Amino acid sequence: MKSVFLGVLLFAIGLVGWATVKLGFFKDVIIAEQPMPEMHLVYLEHVGPYHKILDSLEKVEAWAKTANVDCSKSFGHFLDDPEVVEHERLRSDVGCIIDQIKNDLPDGFKTKTIPAAKYFVAESMGSPAIGPMKVYPKARQQFTQRNLTPPEDVLEIYHRIDENTMKTLYLFRLPL
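Following my numbering from start to finish, the sequence shown increments by one per residue and tops out at 176.
In short, the hints are calculated from the structure, not lab data. Please note that the accuracy of each hint is not assured.
Straight-line distance between alpha carbons at most 30 Å, and here's what the computed DSBU-like set of lysine-lysine pairs gives [to be verified]:
#, residue 1, residue 2
1, 52, 112
2, 73, 118
3, 73, 138
These figures come from a predicted structure and were not determined experimentally.
Construct the entire structure; sequences and hints are all you get.
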């Protein structure tokens, strides 16, 4: 019985270790203040827990593929603070950053343009799933050090570099 327990414990430790390395938990997060250009977005609105946006994102990516629209940079625009708003009421927009606004969109799809602005931009080569644990606290620290109030919304840009590599940019808009 003792050896079974030890085997299960070692397996669990190994699994957690593998997952933290695979998700990029030990990779550096670089934060810099920088201007970002105007961005054109095509998206679907999502209401509910942020970790459940994948279905909406996949619908936009599928449309982009059939419409021959470049969706190499997808995004999640998280509009509410999950520490303040009930998870079932969290609002987000998810979709693709595109070259120019499209007018012939399927039902439910929307477009918007985010104007050029200055941001704290956090760059991570890890999975976006580690953002709330690793990136967001580091960004909040930057705002605190400068006596600034962090914005309620955050734009995450997911740039797939190849089949196994993704770079995520987290954009925290700076006050004017």
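- request: Could you grab the alpha-carbon distance between residue 73 and residue 118 and see if it respects the 30 Å cut-off?
  value: holds, 19 Å
- prompt: Is it true that the CA of residue 73 sits at most 30 Å from the CA of residue 138?
  reply: holds, 23 Å
- request: With a cut-off of 30 Å on the C-alpha distance, tell me whether residue 52 and residue 112 pass.
  value: The hint holds at about 22 Å.
The structure is consistent with each of the numbered hints, conforming to all of them.
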